[in-house]
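Visitor: Residues per chain, in single letters:
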Amino acid sequence: EAGVTQFPSHSVIEKGQTVTLRCDPISGHDNLYWYRRVMGKEIKFLLHFVKESKQDESGMPNNRFLAERTGGTYSTLKVQPAELEDSGVYFCASSRYDVDYGYTFGSGTRLTVV
Amino acid sequence: GDSVTQMEGPVTLSEEAFLTINCTYTATGYPSLFWYVQYPGEGLQLLLKATKADDKGSNKGFEATYRKETTSFHLEKGSVQVSDSAVYFCALLIQGAQKLVFGQGTRLTINP
Chain A
1 EAGVTQFPSH SVIEKGQTVT LRCDPISGHD NLYWYRRVMG KEIKFLLHFV KESKQDESGM
61 PNNRFLAERT GGTYSTLKVQ PAELEDSGVY FCASSRYDVD YGYTFGSGTR LTVV
Chain B
115 GDSVTQMEGP VTLSEEAFLT INCTYTATGY PSLFWYVQYP GEGLQLLLKA TKADDKGSNK
175 GFEATYRKET TSFHLEKGSV QVSDSAVYFC ALLIQGAQKL VFGQGTRLTI NP
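If you read the protein sequences in the order shown, they are chains A and B.
Each residue of the first sequence is one higher than the one before, starting from 1 at the first, in the working numbering.
Each residue of the second sequence is one higher than the one before, starting from 115 at the first, in the working numbering.
Chain B on its own, in the form it takes in the complex:
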């Protein structure tokens, strides 16, 4: 079945460090891919998305590129801030479906 695998956390970095959170997927058809973020005490927020191969989603300094050949959608940011501390979820949506399939989430903590 369809599934998403994220790198296990927690991940702890220092401010201004480079961030990569790996995400790979298994899907039939051609999914859309998403990164959601959950800040402490808040709901899930859409961070970025990509709907077809080689698309790059970007927002708030974060980027992810839809790589069909490696079935990946890794999240990157060049210089993280303390305010980026949150739980990050990779997700996919199968064409024609109305439900998201999520990865297990990666807790990120940024220290000053």
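Isolated chain A, as found in the complex:
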């Protein structure tokens, strides 16, 4: 089966601009997660979708971040306007069942805000 696909793989934008990251989960995986790793620190949870519904968005840092999953398939994460501290690697993951069975992660989008 195809893995979790994220694009772009890299994005460099100026402070104040808008960027949209996309994640295509494995087909049939109802659970979709976003995480990010900022400046070599720990990977932190952002939010969790079950199908098209936001199950847990407790990790979203502020209202400049908007995640959507229309139709319960692919998801987008929009940052508007981007700030310097938003630079990092954004990971998406999906799972069919409970996370204890393991996620499948994408290779991430490296976002650099200059």
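These are calculated hints, taken from the structure and not from any lab test.
The reader is advised that the hints may include incorrect statements.
Said to hold, decoys possible - If we take Cβ atoms under 8 angstroms as the criterion, some of the chain A residues that face chain B in the derived model are:
1) MET60
2) PHE91
3) GLY106
Backbone N, C-alpha and C fix where the C-beta goes; we use that ideal spot for every residue, glycine too.
Using the hints provided, position chain B relative to the given structure of chain A.
Guide: Chain B alone, transformed into the frame defined by chain A:
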């Protein structure tokens, strides 16, 4: 709150050396514990896991034992290879939750 602390890297070893990457955790309840690995240019991959105290997870020659008394889950491998060069992340999952809590990652480089 729940947290994971890993030994700081980077770690550089010679091929066939013994590897230990320390991981300790703080958690309420009884977490499941995981090691994930990120090879260059790839996504995070589950390396091994343990779901209860004294369980040993193993895969690809790597092992880690869930030690409740010391709240630790140290990663070990008896003889590393150049292909083991990657970033390793320790993580926990709280029972009933659906999100992982990660450590900061340890970059491992193996020289031939």
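Visitor: Would you mind marking each hint as holding or not holding in the structure?
Guide: Hint check:
1. MET60: violated, 12 angstroms
2. PHE91: holds, 6 angstroms
3. GLY106: Since the shortest Cβ distance to chain B is 5 angstroms, the answer is holds.
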